[in-house]
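Undergrad: In case you want the letters, here they are:
2 protein chains.
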Amino acid sequence: MSFSPLINQLIESLRILPGVGKKSAQRMALQLLERNRQGALKLADALNLAMDKVGYCKLCHTLSEEELCPQCASPNRDDKLLCIVEGPLDVFAIEQTGYQGRYFVLKGHLSPLDGLGPEAIGIPELLKRIENAEFEEIILATNSTVEGEATAHYIAQLLAPKGLTVSRIAHGVPLGGELELVDGGTLSHALAGRRPI
Amino acid sequence: MSFSPLINQLIESLRILPGVGKKSAQRMALQLLERNRQGALKLADALNLAMDKVGYCKLCHTLSEEELCPQCASPNRDDKLLCIVEGPLDVFAIEQTGYQGRYFVLKGHLSPLDGLGPEAIGIPELLKRIENAEFEEIILATNSTVEGEATAHYIAQLLAPKGLTVSRIAHGVPLGGELELVDGGTLSHALAGRRPI
Chain A
1 MSFSPLINQL IESLRILPGV GKKSAQRMAL QLLERNRQGA LKLADALNLA
51 MDKVGYCKLC HTLSEEELCP QCASPNRDDK LLCIVEGPLD VFAIEQTGYQ
101 GRYFVLKGHL SPLDGLGPEA IGIPELLKRI ENAEFEEIIL ATNSTVEGEA
151 TAHYIAQLLA PKGLTVSRIA HGVPLGGELE LVDGGTLSHA LAGRRPI
Chain B
1 MSFSPLINQL IESLRILPGV GKKSAQRMAL QLLERNRQGA LKLADALNLA
51 MDKVGYCKLC HTLSEEELCP QCASPNRDDK LLCIVEGPLD VFAIEQTGYQ
101 GRYFVLKGHL SPLDGLGPEA IGIPELLKRI ENAEFEEIIL ATNSTVEGEA
151 TAHYIAQLLA PKGLTVSRIA HGVPLGGELE LVDGGTLSHA LAGRRPI
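Here the protein sequences come in this chain order: A and B.
First residue of the first sequence: 1, per the UniProt record's numbering; consecutive thereafter.
First residue of the second sequence: 1, per the UniProt record's numbering; consecutive thereafter.
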C-alpha cells in the first residue's frame with residue numbers, strides 16, 4: 001500500500017526541495033493536508049509567481065524580478081567598489097556587513113570536472129561589466145573552498161593587466177573562535193595575514 | 001537589504017513546511033529559482049491539486065481523494081479486525097507490517113490542555129463505525145506517548161461493555177535494540193510482557 005495517487009504525487013514533488021528526503025516529504029504533505037491547506041495554497045501561488053516573474057538583474061546577474069536589483073538600482077552606493085560573489089545568498093550575507101559598493105554575482109565557481117568553465121559561470125559578462133564602469137577596486141568574495149579560491153585566482157589573473165586594485169577577503173580565525181579548535185590551514189592564514197594593532 | 005519582494009514571499013511561504021526555518025527556506029527558494037524551475041512549477045501544481053481534491057475517507061477517516069480509501073475499498077481484507085491509529089502516517093507504517101484488517105484514523109490524541117476532547121479527535125465517529133460493522137477485535141495502535149496511552153485507555157473503557165476483544169500493541173525492546181541502551185520504562189514493559197518461547 002501507499003498513499004492515494006495525489007498524495008503520492010505531492011510527496012514526490014516535495015522531494016525536489018534540497019534536504020528533503022522521503023520521510024520529511026511525507027510529514028510535510030500530511031501536515032499541509034491536515035493542518036494548513038490555506039498555507040499550502042499560498043505556497044503554490046508564491047511558487048508560481050516567483051518562477052514566472054523572477055529573472056536576473058541586468059547588471060549584477062543576481063536573482064531579481066525587476067530589470068535592476070535593489071543594489072544596482074540604488075543611486076546611493078559606491079560606484080568605485082565591486083564585490084564578486086558566487087551566488088545570490090552571498091549577496092544577502094555581505095549586505096548584512098553594511099557593505100555599500102556594487103556586486104557581481106557569478107553562477108557558482110569554476111569546476112572543470114563538472115564542465116563549468118569561465119563561460120558557464122559568467123566571466124565574460126563580468127569582464128563586460130567591469131569595462132563599462134569606473135571601478136577602482138574589485139573585491140573577490142568567492143567561497144574559501146578549493147574551487148572558490150581557484151575562481152578568485154583565475155579572475156585576479158584576468159584583471160591584473162587592467163590596473164585595478166584586486167583584493168581577496170581575509171582568511172583567519174572567526175570571531176568567537178577558539179584557537180585550539182581552528183584547523184591548521186586557517187591558522188596559517190591567520191598568522192600570515194597578521195596586522196599591527 | 002533583503003531579497004526582492006517575490007523571493008521574500010516565496011521564502012516566507014516555504015517556512016510553513018514543518019522543520020523548515022529561515023536559512024533552509026532561503027536555500028530552497030534560491031535553489032528552485034536557479035536550478036529547478038520546472039520542478040517548482042510541478043510542486044505548485046501538486047499542492048493545488050492535492051489541497052483541492054484530497055478529503056477524508058468516509059469509513060476510516062484517513063486522507064483520501066476517493067470516497068473510500070484503498071484499505072476500506074478493498075474486498076480482500078479482514079472485516080473482523082479494526083486497527084485504531086492517530087493519523088494517516090500510522091496507517092502507512094502499519095501497512096508495511098502486512099496487516100490485513102481495517103483501520104480507523106483518529107484526528108490525533110486526547111489532549112485536554114490543548115482543548116482536544118473525544119469529539120475533537122473523532123471518537124463519536126469511531127463508535128458509529130464499530131456499531132455499523134461486525135468487528136471481533138479492536139487493536140489500539142495509538143502512539144506509546146503519555147497522550148497516546150491515555151487515548152488508548154479511554155477507548156478501551158468505552159468499548160468494554162460491547163463484548164469485543166480490545167487489544168493494545170506490545171511494548172518492549174525494539175528489534176536490534178541493546179538492553180543497556182533501552183530506558184527503564186520500556187524494559188519494565190518488556191519484562192512484564194515476557195512470553196514463553
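Read the hints as simulated data drawn from the structure, not as lab findings.
Please note that the accuracy of each hint is not assured.
Which copy? The list can't say, so a pair holds if one copy fits it or any two copies do.
Claimed, not checked - Simulated crosslink set (DSS-like; lysine-lysine; CA at most 27 Å straight-line):
1) Lys-42 <-> Lys-53
2) Lys-23 <-> Lys-107
3) Lys-58 <-> Lys-162
4) Lys-162 <-> Lys-42
5) Lys-23 <-> Lys-42
6) Lys-162 <-> Lys-80
7) Lys-80 <-> Lys-42
8) Lys-107 <-> Lys-162
9) Lys-128 <-> Lys-58
10) Lys-80 <-> Lys-128
11) Lys-128 <-> Lys-22
12) Lys-162 <-> Lys-53
13) Lys-107 <-> Lys-58
14) Lys-107 <-> Lys-22
15) Lys-22 <-> Lys-162
16) Lys-42 <-> Lys-22
17) Lys-162 <-> Lys-23
18) Lys-80 <-> Lys-23
19) Lys-22 <-> Lys-53
20) Lys-53 <-> Lys-80
21) Lys-107 <-> Lys-42
22) Lys-53 <-> Lys-23
23) Lys-22 <-> Lys-80
Source: prediction; values computed, not measured.
Undergrad: For Lys-107 vs Lys-42, is the C-alpha pair at or below 27 Å within one copy, between two copies, both, or neither?
TA: Between copies, since 24 Å is at most 27 Å while 29 Å is not.
Undergrad: At 27 Å max between alpha carbons, let me know whether Lys-107 reaches Lys-162 within a copy, between copies, both or neither.
TA: Within. Shortest intra-copy distance 23 Å satisfies the 27 Å Cα cut-off; inter-copy 68 Å does not.
Undergrad: Could you figure out if Lys-107 and Lys-22 sit no more than 27 Å apart (CA to CA) within one copy, between two copies, both or neither?
TA: Between copies only: 23 Å across, 29 Å inside.
Undergrad: With 27 Å as the alpha-carbon cut-off, assign the pair Lys-58 and Lys-162 to within, between, both or neither.
TA: within (23 Å within a copy, 74 Å between copies)
Undergrad: Within a copy, between copies, both or neither: which one fits Lys-53 and Lys-23 at a CA-CA cutoff of 27 Å?
TA: Result: close only across copies, 22 Å inter versus 32 Å intra.
Undergrad: Is it within, between, both or neither when you check Lys-107 against Lys-58 at 27 Å Cα-Cα?
TA: within (14 Å within a copy, 51 Å between copies)
Undergrad: Is it within a copy, between copies, both, or neither that the alpha carbon of Lys-162 lies no farther than 27 Å from that of Lys-42?
TA: Answer is neither; intra-copy 49 Å and inter-copy 46 Å both fail.
Undergrad: Given identical chains, is Lys-22 near Lys-53, meaning Cα to Cα at most 27 Å, within a copy, between copies, both, or neither?
TA: between (30 Å within a copy, 22 Å between copies)
Undergrad: Is the C-alpha distance from Lys-80 to Lys-42 at most 27 Å within one copy, between copies, in both cases, or in neither?
TA: neither (42 Å within a copy, 43 Å between copies)
Undergrad: Measure nothing new, just compare the shortest in-copy and cross-copy C-alpha distances for Lys-162 and Lys-23 to 27 Å and report within, between, both or neither.
TA: neither (53 Å within a copy, 38 Å between copies)
Undergrad: At 27 Å max between alpha carbons, let me know whether Lys-128 reaches Lys-58 within a copy, between copies, both or neither.
TA: The answer is within: 12 Å in one copy meets 27 Å, while 64 Å across copies does not.
Undergrad: Cα distance capped at 27 Å. Does Lys-162 pair with Lys-80 within a copy, between copies, both, or neither?
TA: Cα proximity of Lys-162 and Lys-80: one copy only (14 Å, versus 84 Å across).
Comparing the model with each earlier hint shows violations of hints 4, 7, 11, 12, 15, 17, 18, 20 and 23; every other hint is respected.
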